[in-house]
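Each chain, written out:
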Amino acid sequence: METLTTLWTPENGWDLDLQTGGDPRLILYFGNRKALGSGAIHELGERFPDALVCGCSTSGEIHGATVHDGAIVAALCTFHGTRVHAVSQQLPENFDSREVGRQLAENLIGQDLKHVLLLSDGIHVNGSALIEGFQQVLPPGVIASGGLAGDGSHFGETLVGLGDCIKSRQIVAIGFYGPHFDASFGACGGWEAFGPRRLITRSEGNTVFELDGQPALQLYKRYLGELASGLPATGLLFPLGLVRGDEPEQVVVRTILGIDEATQSVRFAGDMPEGTFSRLMKASAEQLIDGAAEAAEIARPIGDFTPSLALLVSCVGRRLVLGQRAEDELEAVLDNLPPSTPTLGFYSYGEVCPHHRTGSCALHNQTMTVILLGENV
Amino acid sequence: MSDIHPLLLRQLRRLPQLDLDSHPDLQRLVTVVGKTYEDFQTQHQFLSHTLETASEELTEANERLRQESESRIRDLSKLFEETLNEQPNIIFRCARHEDAFQVHLARGRRLIARLGWNHNRLEKETIAMLIEDPRHSIHFLRAWKGEEQRFEIDFWHANIVCEVILLPIRENHKVKEIMGVMADITRQKAAEDRLRHASDDLTRRAEELEKNRRVMLSMIEDLDQSRTRITQERDRANALADEAASANRAKSDFLATMSHEIRTPMNGVLGFAQLLQQTILSDQQQDFVSAIRTSAEALLRVINDVLDFSKIESGHMEIEDHPFCLQTSVDDALGTVSTAAAEKGIDLAARFEPNVPTSITGDSHRLRQVLVNLVGNAVKFTPHGEVRLEISANKPDATGEIELTFRISDSGIGIPADQIGKLFTPFHQQDSSTSRRFGGTGLGLAICRRLVELMGGTIRADSTPDVGSVFTFTLRTRKAEDLPDLIQPVPHPGLTGLAALILDTHGWSRSVLAELLERWGMSVRVASTVSEARSSLLEGPISTALVDQGSAETPEGIEFVRELAESGTPPLILCPPGDLVAERDRFGDAISGTVSKPLKVSPFFNLLIKKTAKDWVPTPEVQPAASPAEKEQFELRLLLAEDNPINRKLALAALAQIGCTPDIAVDGQEALDAAVRERYDIILMDVQMPGMDGLEATRRIREWEADHQVPPAKIIALTANALSGDRDLCLKAGMNDYLPKPIKIHSLRDMIRSNSRPDAAPFQETPESQATRTLRQLAQELTVEDAVTLAAEFNQDLEAQIDSIRHSLDLRNDEDARRHAHSLKGSSSIFGLEDLRHAAAAVEKACADRDLNLANQLMPDLQKVAQTASRELHDAVQALGVNTVIFPMS
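Order-wise, the sequence lines are chains A and B. Read the first sequence against our numbering and you will find it ends at 737, with the numbers running on by one and no gaps. Read the second sequence against our numbering and you will find it ends at 891, with the numbers running on by one and no gaps.
Please keep in mind that the hints were generated in silico from the structure rather than gathered at the bench. Cβ atoms here follow ideal geometry from the backbone N, Cα and C, with glycine treated the same way. Do not take every clue at face value.
Pairwise CB distance ranges, derived in the manner of DEER restraints [claimed, not checked]:
(1) A:G618 with B:D4: 45 to 53 Å
(2) B:L16 with A:S720: 50 to 58 Å
(3) A:E586 with B:L8: 16 to 24 Å
(4) B:S70 with A:S720: 36 to 44 Å
(5) A:A588 with B:T37: 49 to 57 Å
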């Protein structure tokens, strides 16, 4: 597998001579929402008609160790033996995220399916439910990884595209088929839980109404203080970590996706089951950067596997904390990757990755997720 | 550079030589660094804020927790305290301090209060002070040594018994405290006591039971023995009962047999004694025969009493239930004692209350028997005065039954109070002197009582010695259809309005008679003296006068009678039946007639009507002792020559019955004189007479007749000898015919008729049966009552007699059959039942010849003849005018 990465800016367009792009079968792109509407993607599709062109909107584009806003980054992947196939699903008025996941997975089932790359709408979907749906259908050993599209810090609408169809409320899943295809993953947050355990006393799906009998929004406002006016974005500073009873070490971090003043509730990127204990989490930039480095560590391939593409899916919440130093975490990741590994990614509203290499898939929030793709020769 | 971070600014100032303007890269770096500083600061602030907030939260949480905790602890504490205090026991903790056990803690206010301890002061007390009994301290000491203790304390002042448990509490292997629990076990103790008592009780009872059981066992043994004995006794009793039953059966057989066997020879004795009397006897023989008759009659009475009594006692007495005329029965009963009463001058009469029915149903014989007994006793034991019989009746009940009350009162010697109770017991006599004076079997009243009871009544006696006695008995009966021609005590058209005068010194019978006449509608004047009678005549004319014999036979009376006769109302004389003829003799035409006293109501009525009634056509009357032939008057001059007064009496009676009143001659000489003096159509000449006998007298009379050319009188011999030889003698003596004695009226009548004047009215006579004639004869020789009794008994026994013959024939016992037939033959002849006599004789002969076949063949005929004969006898009784029904054999 070979990968060429390229950057598109509104001023300069694509920085790669598209004529020399080779014969990629898969083109992945991540771009600013507005930028995606510019026709740049269409250009790619025209230039490479045999390739699957998939991508989504972001809360920041990652190209190497640089973060861009307002741009589009793309990776052109050429395979040797590996087939790719992509399916998409439009979300209807009433939908069940889990069912959608199942459906998509079913459509991808095929011989030698090794991996699924998932790009999902970032606002409307219950990410954890979506992944569960995938889990139920995908054969054991087949991992789904990917992320929830972003929309800067607006939390308005996100776009996901397959070919020329770039829409909101869309999910695209790409299946990689072939005996040689391989992938490795790593995700790490760097967030630290603090304070008492709080019981989710009232919640519904991914919306939490009460913690310890108190309105959830109140708690956030209290901790944010002056920053409360920036909700829901500033809510990203205090993701809620779900404490699993059976795996007290494994704290699943959940990002705020939205708030509701009327019900004093807070909506998260994944399921927040009633009766689960949670803790507020915080992180310093250093912690986050260290976390990113660790994610890369975890993702470091074992054996002979040489990744051809490093897909970085970080979280918009990290960007908020990191501020200027967002590229520091990218550097930290790259430091831990084999040098000159083509690196592409985006800041998302949610990351999809297994906990460990062979662990089950989960929706992560506020993490740096490193997905290494390649073919074993 | 104004937006450079102050810290950086300060740091830059320390490097004055640094010229940023000339180094744009440096400037850029400074900017980035400054920004980074800002970022750091912001982050720091942010983190501080976070920390503060977190701390605040923590503090709050802590405070909350602390409060909650405290509250919780308070609540728990309170709960705990309450629980401890309210639980029913006392939980306490104590420890040894120096010599005493000090109470640290004591909870359980209820028991504490009940023990009389002060809840508040408890924890200042020592154990010794609380538990006064020093013996308990040993337990505390042991507990202090580490032994668990359990013991009881009796708080007798509070009536509470407690169980105490002491538990040593250790710390570091040393006992530092004793925890105790005191529980109220008073009730359990009480229960224990009760249980123990009950247990003792039970043990005692068990012992008793065992004792009783042994007693019972021995009793059972005894019972077994008794039962065996009883079974034996019962068997014996059954055997005795069987014996008694068969004895009873034997008794009744005996009674039946005896009744017949005894009466028959008795009747025979009596009958033949009578017959013997009719024969020619010397005076001495006559006396002997009289004595025999008297004794036989007395014996018969005794036998009858005894047999009756036996019959009653063995339950064989049957009470009949037939309609009969009460009036007549009463009259007859009184009639039997009328002579005795008259001889003593006792005023005897029967009074019927108006509501007493004239005819009733019941056993007329037994009623008569009772009445006869009681009235007879009354007369017997009354030296003078009166004997009243009063009969009353109550209202009929729903079934139509009425109760008659018969009250016999007398003015006799009375009965002492101590004797009254024993009066009706058999074999009682007032005292032995009484029995000697008055005779009797002592069974009479006992029989009366039994009979009365059998007839559904009760009998009682009251008496005052020397004043009199009252015997009262009741009878349950019903009104019967009146026999025709019975005289009712209601106004009679033939007598209504007529006046009658009664002269009688005897108050009772006078008042009874007066009442009777008044019931018949007459107006009655009574007088007890002649002068009174004369005065009452002044009140107005009378139709009838009734004068009592006693008054009539005084000189005044005789004159008064003549006065009445001359004034056109010759009186009727009331006298005993025996004097009926005598009085007629005495007064002749001066009197209208004689009436027997005590009154026989129906005959009296008939007589009254005949003599007194205004133009009222009498209905054919039932004439007592009258045959139609009495209507006929014989214009005959008759002489009766008979020396024997009885026979003379009989003959006179017989003649009177056919309306003849002969002259009397008591021997042959008188007969001769009379025949010479007078011309007689018929001379009845007794053959056997003292001095000149009848044959001689006849011869002499015939001589005289021949001498004086006088047409010869018809001389009829009266002879007891019915042998043909005698007849010849009579005829040879010059007699025309002969009549055997006892005189049969029938024959006498025939004889007179055939020897009477040819222009005499043809003799109309309804043939009178032999039986009637014989019975009439008997009635005269005995009394009507006795004759009827004999006839009744004959009829009663007839069937039994025939049965005896048949029974013996069945047993092929020809000897017994012959004996019975012979007996029947004899008794039928007494009553003149010739056909029966023949039939019985035939059977007797057959049996004597041992020809049982023939005897059996003759039986049906005998039966038939017997039926006829008994009916004949019944009719004969009726013909006597006795309205007692003696039932013919069916």
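Do the beta carbons of G618 of chain A and D4 of chain B sit within 45 to 53 Å of each other? violated, 34 Å
Given the hint of 16 to 24 Å, check if E586 of chain A and L8 of chain B actually sit that far apart at their C-beta atoms. holds, 21 Å
Lying within 50 to 58 Å: is that true of the beta-carbon distance L16 of chain B to S720 of chain A? holds, 56 Å
A range of 49 to 57 Å was offered for this pair. Does it hold for the Cβ distance of A588 of chain A and T37 of chain B? violated, 25 Å
Range agreement (Cβ of S720 of chain A with Cβ of S70 of chain B, hint 36 to 44 Å): Given a distance of about 42 Å, which is inside 36 to 44 Å, the answer is holds.
This entry does not satisfy hints 1, 5, going by the numbered hints stated previously.
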